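Asks: With these hints in hand, go ahead and build the complete structure from the sequences.
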Amino acid sequence: MASKPWNGFTPSQRLPPSCTPFTLHFLSILLPSPWRGAGGEAFFIMSNYYTDHPEIGFHLNHPLMKRIVDLKERDYADKDAFEDAPVNYEDALENYKRMLDITGDVAANIIEPNSESVDLEGPHLENGRMLYASKTVENIEATRQAGLWGISMPRRYDGLNIPNIVFSMASELIAAADAGFQNIWSLQSCIDTLYEFGTEEQRKKYIPRISAGESMSMDLTEPDAGSDLQRVMLKATQDADGTWRLNGVKRFITNGDSDIHLVLARSEEGTRDGRGLSMFIYDKKDGGVTVRHIENKLGIHGSPTCELVYKNAKCELCGDRKLGLIKYVMSLMNGARLGIAAQSVGVEQEAYNEALAYAKERAQFGKKIITFPAVYDMLSRMKAKLDAGRSLLYMTARYVDIYKALEDISRERKLTPEERKEMKQYTRLADAFTPIAKGMNSEYANQNAYDAISIHGGSGFIMEYKSQRLYRDARIFSIYEGTTQLQVVAAVRYITNGTYLAIMKEMLETPVSDNLQPLKVRIAELVALYEEALNKVNSDENQEQHDFLARRLYDMTAEIIMSLLICIDASKAPELFEKSANVYVRMAEEDVIGKAAYIKAFKAEDLKNFVAEETTEETEA
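Take the position in the sequence shown, starting the count at 1, then add 923; the result is the number in the working numbering.
The set of hints was computed from the structure by calculation and includes no laboratory data. As the structure is a computational prediction, the values presented were derived from the model and not from experiment. We put the beta carbon where it would ideally sit given N, CA and C, even for glycine. A hint or two may mislead.
What follows is a list of derived Cβ distance ranges for each label pair [unchecked claim]:
(1) M1253 x A1280: 37 to 43 Å
(2) E1429 x L1043: 47 to 53 Å
(3) E1124 x G1517: 27 to 33 Å
(4) D975 x R1509: 23 to 29 Å
(5) D993 x E1387: 48 to 54 Å
(6) P986 x T1160: 49 to 55 Å
25 Å max Cα-Cα, derived BS3-like pairs, lysine-lysine [stated by the list, open to error]:
(7) K1020 x K989
(8) K1158 x K1020
(9) K1347 x K1290
(10) K1459 x K1502
(11) K1127 x K989
(12) K1526 x K1428
(13) K1347 x K1428
(14) K1128 x K1220
(15) K1428 x K1495
Replies: This is the structure we're talking about:
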């Protein structure tokens, strides 16, 4: 038996006779006026960011999904206690599709139409408080009414218990509509960290509030502590009665005036490194925090980036002391990086959509520009990056889902030896794939947005066209939550120890269709070049040289893995992915062959040609 639509909100392609008065009222306010059928029934002729792109739905059919759902649903133990719980795997998939249909509807017909207004207005600062742009308030209310908050949480906390891969899909859809609003909406995933490391009392206190639509932020960065979070100095002290208090400043905090904050602070007096940091929960209702400044940014204008002043703000310890950076922030950041990968894929899709639509309409020299080789070459590359990047994102999300579900089960009972082995395997895979999913997709979003402007020509430089906003929004993706350079650092140990190489060789064993076999042979040749380049770097015992060449190995790693993923996808759905597979493998060849030659010819003495200064001075800690 399938579960009921959330809050009575049904997909708006057609409103059935059973549609509730609430739904009709809600849609009548926020959505375009309906067409009327011969019998007077309401039809909405609208786009849907989920159903308009079958490439997304394809990824719900991956072989790992059955294992993910079985683990997430604990063999469907909730079916007798919760009306909306699935009774089997098929029912669960239908629930996911229904939720994605709703999300695609809200994204296309509420959030996207509001995006230009939000970009122009942005948030405001009044009396130490942040106020959202007026249309952002509409977006928040629409997603609340549609039941799209707290969706990853267990049903006992009013969540929908959806897996990470489905959350990533929803995040992509919302980002395609408005990347800035995705920041606000997706930060609800901070609750995952509270769920994992907080007490049961804290879970009961805070998680239902997120499920009801309250917002979250993660307060990590400070004026003197950006990527180097060991330098965080926001002070956490205890009153005589044990109450924790926070004092200091946080900077560059996305959605900084949220309802519930996870705060990294220095709890151990006299320390100056990561071992003195703990994680805290701050509730806006308790007061003690004001917004001093809202950053004026290049893009994602709807997403408020705040400077916060903590003055004796009451808070609660989350988890154990001294593990704030060492354990909890690492978990928090990995989730955020996957969220940015999804955000990036959403913008990749929207940039491609804008470029394709313009190329079909714009005529030059008596022809539509889509017929020009220079233009369709660019479009095909945009689509190939999108399809390959999405495949990487969702594969990473699947790995995260399996190890997180097993980790959660381990809090309830002892895992079997087989389960412990499985959790170890997927933890390693998730850890290896997350930095390439975030790094490559954030770069691809920037590239696709750039190319969208190029296809628009002069019009792309005009503010009335969306492509310029996508370009401005995308620029931050490869910067926040760890720059691409830091993703290289996170991935490099898996490069040098041969983890990725082993993954490639294992993936080469996956059968592909006859049509894709020639591409697979070409990818195998790239793997051989990659292995040769890797051995060359590993044999050169020069750490500076290793660091210098790491970015090239990182790019090669990701491009080969994505080539393999898109070929496997194309074997299952050639109508969706075969063109992209052919284009992407050629792109990978172009890059991998060149970088392999670069590494082969590189010598340690060549570094002197790149060093900016003869001597460097290190800043005192």
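Asks: Does the structure keep K1347 and K1428 at a Cα separation of 25 Å or less?
Replies: Roughly 20 Å separates the two Cα atoms, so the pair holds.
Asks: Is the hinted pair K1428 and K1495 satisfied, with a Cα-Cα distance of at most 25 Å?
Replies: holds (20 Å)
Asks: Using the Cβ atoms, figure out if M1253 sits within 37 to 43 Å of A1280.
Replies: holds (41 Å)
Asks: If I claimed the Cβ atoms of D993 and E1387 lie 48 to 54 Å apart, would that claim hold in this structure?
Replies: holds (50 Å)
Asks: Is the hinted pair K1459 and K1502 satisfied, with a Cα-Cα distance of at most 25 Å?
Replies: violated (34 Å)
Asks: Within 49 to 55 Å or not, the Cβ separation of P986 and T1160?
Replies: Once the Cβ atoms are compared, 52 Å apart, the range 49 to 55 Å for T1160 and P986 holds.
Asks: Between K1347 and K1290, does the CA-CA distance stay at or below 25 Å?
Replies: Answer violated: K1347 to K1290 is near 57 Å, above 25 Å.
Asks: Given the hint that K1020 pairs with K989, test it: the Cα-Cα distance must not exceed 25 Å.
Replies: holds (15 Å)
Asks: Can the restraint linking K1127 and K989 be considered satisfied, given a maximum Cα separation of 25 Å?
Replies: violated (29 Å)
Asks: Lying within 47 to 53 Å: is that true of the beta-carbon distance E1429 to L1043?
Replies: holds (50 Å)
Asks: Please check whether D975 and R1509 have a Cβ separation lying inside 23 to 29 Å.
Replies: For D975 and R1509 the Cβ distance comes to about 27 Å; the hint holds.
Asks: Are E1124 and G1517 spaced within 27 to 33 Å by their CB atoms?
Replies: This hint is violated: roughly 57 Å between Cβ atoms.
The structure fails hints 3, 8, 9, 10, 11, 12 and 14 (numbered hints given earlier, in ascending order).
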